[in-house]
Amino acid sequence: MNAILADSPTALLTPPITPRENQACNWFSLPNSDLVTDHLTAVLWDQDVAPDGWQAAQLSPAAYVYCEKGTGWKVVVKFHAPKTGKDAIQRAEREYRLTQQARECLGADREFRAAQPLGLWRGALFLEFVEGLTLEDKIAVRRSQPGELIHAIETVGKFLSKLHSTSSQQKIAPDFGQAADYAYGLVDNLAKHGVLQNHSSVQNGLGRLIEKWATDPLMWNYRPTRNHGDGTTSNFIFPPKGGLVAIDWERSETADPAADLGRLRAEITHSVNRFGGDFVEGLVFANCLTDAYCNQLPSNWNTENLVFRARFYQAACTLGIARSGWLSRQDRLALVLRAFALLSK
Numbered sequence: 048m049n050a051i052l053a054d055s056p057t058a059l060l061t062p063p064i065t066p067r068e069n070q071a072c073n074w075f076s077l078p079n080s081d082l083v084t085d086h087l088t089a090v091l092w093d094q095d096v097a098p099d100g101w102q103a104a105q106l107s108p109a110a111y112v113y114c115e116k117g118t119g120w121k122v123v124v125k126f127h128a129p130k131t132g133k134d135a136i137q138r139a140e141r142e143y144r145l146t147q148q149a150r151e152c153l154g155a156d157r158e159f160r161a162a163q164p165l166g167l168w169r170g171a172l173f174l175e176f177v178e179g180l181t182l183e184d185k186i187a188v189r190r191s192q193p194g195e196l197i198h199a200i201e202t203v204g205k206f207l208s209k210l211h212s213t214s215s216q217q218k219i220a221p222d223f224g225q226a227a228d229y230a231y232g233l234v235d236n237l238a239k240h241g242v243l244q245n246h247s248s249v250q251n252g253l254g255r256l257i258e259k260w261a262t263d264p265l266m267w268n269y270r271p272t273r274n275h276g277d278g279t280t281s282n283f284i285f286p287p288k289g290g291l292v293a294i295d296w297e298r299s300e301t302a303d304p305a306a307d308l309g310r311l312r313a314e315i316t317h318s319v320n321r322f323g324g325d326f327v328e329g330l331v332f333a334n335c336l337t338d339a340y341c342n343q344l345p346s347n348w349n350t351e352n353l354v355f356r357a358r359f360y361q362a363a364c365t366l367g368i369a370r371s372g373w374l375s376r377q378d379r380l381a382l383v384l385r386a387f388a389l390l391s392k
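The numbering of the sequence shown is my numbering, which starts it at 48 and goes up by one.
None of these hints come from the bench; they were simulated from the model. One thing to keep in mind: the hints can contain errors.
Below, simulated DMTMM-like cross-link-like pairs (lysine to aspartate or glutamate); rule was C-alpha separation at most 20 angstroms, straight line [to be verified]:
id, residue 1, residue 2
1, Lys-116, Asp-95
2, Lys-116, Glu-195
3, Lys-288, Glu-140
4, Lys-288, Asp-378
What follows is a list of derived Cβ distance ranges for each label pair [what the hints assert, rightly or not]:
id, residue 1, residue 2, range
5, Asp-228, Pro-78, 38 to 48 angstroms
6, Pro-221, Glu-158, 36 to 46 angstroms
7, Pro-78, Leu-106, 17 to 27 angstroms
8, Val-90, Ser-247, 32 to 42 angstroms
9, Ser-247, Glu-158, 47 to 57 angstroms
10, Lys-116, Lys-239, 44 to 54 angstroms
11, Asp-81, Thr-262, 17 to 27 angstroms
12, Arg-376, Ala-155, 48 to 58 angstroms
13, Ile-197, Ser-281, 15 to 25 angstroms
14, Leu-106, Ile-197, 46 to 56 angstroms
15, Thr-301, Gln-244, 33 to 43 angstroms
16, Arg-67, Ser-281, 24 to 34 angstroms
17, Ser-80, Leu-106, 33 to 43 angstroms
18, Ile-197, Ser-80, 17 to 27 angstroms
A virtual CB, placed ideally from N, CA and C, is assigned to each residue, including glycine.
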């Protein structure tokens, strides 16, 4: 079940063709002859009888869940070819490796874990399917389940705390330069293609603020850890039996732990705003995350400095969200101004 299969130089796998009438992410049947289902049957299917047939549903532009019709057994297939082209095999291998490393880092604790990678083939990554609600789902239904979201966010905070505190890298030098360059790039993108066009004063003000952070010694004073790297509210799943499973480790890296905390603070605040809330309500939940995270860290960690650094990463993520074309111009401008306020230390 866990063996990595050697990728062949043959054609890369691509996602199945979703029927035009399938507009609501419903299941759709797959043809009898299909490369992916043939591979699933030959390699991952462990029943004595042959599968009754397969169906699939789209989770994202690159990820699909495949389901065997007779038993309901499911597996996630993530196709790297649509995103990375000829580099798909290397990218799929990298995500497999990073996901496995995250599982090893978190240990045998079944409460917190990474989804299990099952194999590789032709630039596609096969992963365990995890049933449950995402943190985004919990935010969306928070008003019908009083108290549940606070518990979920505290669980994510504890998860990040365990990930970071068990993966401290003493021999790796801290480097804030890449994060600062990324923030400069976001501002430049918003000025050229986004809501900061014709707003040179705001653009210049953001640039000056980023420069102040980049020259602050506190931003370079941290112990790197293994980070998730893509802490969106859709990448944390709560199974019905409890615990938490994190998915999408392809951007995992060794970096400032404050980067994970700051990004998730921004994502939580934005999700609350998307699902009928406002900034004030979002801030309450973001602070809940920070408290749960800091309370679980070892006593020798400087949580005050970490939370301070997280403000920068929260601001950078907020600028990243402000690039979203599906948001109104007013909402994108509000995000830019929020990032400005976070950077104005």
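Now the hints, each set against the structure:
no.: 1; hint: Lys-116 / Asp-95; in the structure: holds (15 angstroms)
no.: 2; hint: Lys-116 / Glu-195; in the structure: violated (33 angstroms)
no.: 3; hint: Lys-288 / Glu-140; in the structure: violated (30 angstroms)
no.: 4; hint: Lys-288 / Asp-378; in the structure: violated (37 angstroms)
no.: 5; hint: Asp-228 / Pro-78: 38 to 48 angstroms; in the structure: holds (47 angstroms)
no.: 6; hint: Pro-221 / Glu-158: 36 to 46 angstroms; in the structure: violated (30 angstroms)
no.: 7; hint: Pro-78 / Leu-106: 17 to 27 angstroms; in the structure: holds (20 angstroms)
no.: 8; hint: Val-90 / Ser-247: 32 to 42 angstroms; in the structure: violated (57 angstroms)
no.: 9; hint: Ser-247 / Glu-158: 47 to 57 angstroms; in the structure: holds (50 angstroms)
no.: 10; hint: Lys-116 / Lys-239: 44 to 54 angstroms; in the structure: holds (49 angstroms)
no.: 11; hint: Asp-81 / Thr-262: 17 to 27 angstroms; in the structure: violated (56 angstroms)
no.: 12; hint: Arg-376 / Ala-155: 48 to 58 angstroms; in the structure: holds (49 angstroms)
no.: 13; hint: Ile-197 / Ser-281: 15 to 25 angstroms; in the structure: holds (19 angstroms)
no.: 14; hint: Leu-106 / Ile-197: 46 to 56 angstroms; in the structure: violated (27 angstroms)
no.: 15; hint: Thr-301 / Gln-244: 33 to 43 angstroms; in the structure: holds (36 angstroms)
no.: 16; hint: Arg-67 / Ser-281: 24 to 34 angstroms; in the structure: holds (25 angstroms)
no.: 17; hint: Ser-80 / Leu-106: 33 to 43 angstroms; in the structure: violated (24 angstroms)
no.: 18; hint: Ile-197 / Ser-80: 17 to 27 angstroms; in the structure: violated (50 angstroms)
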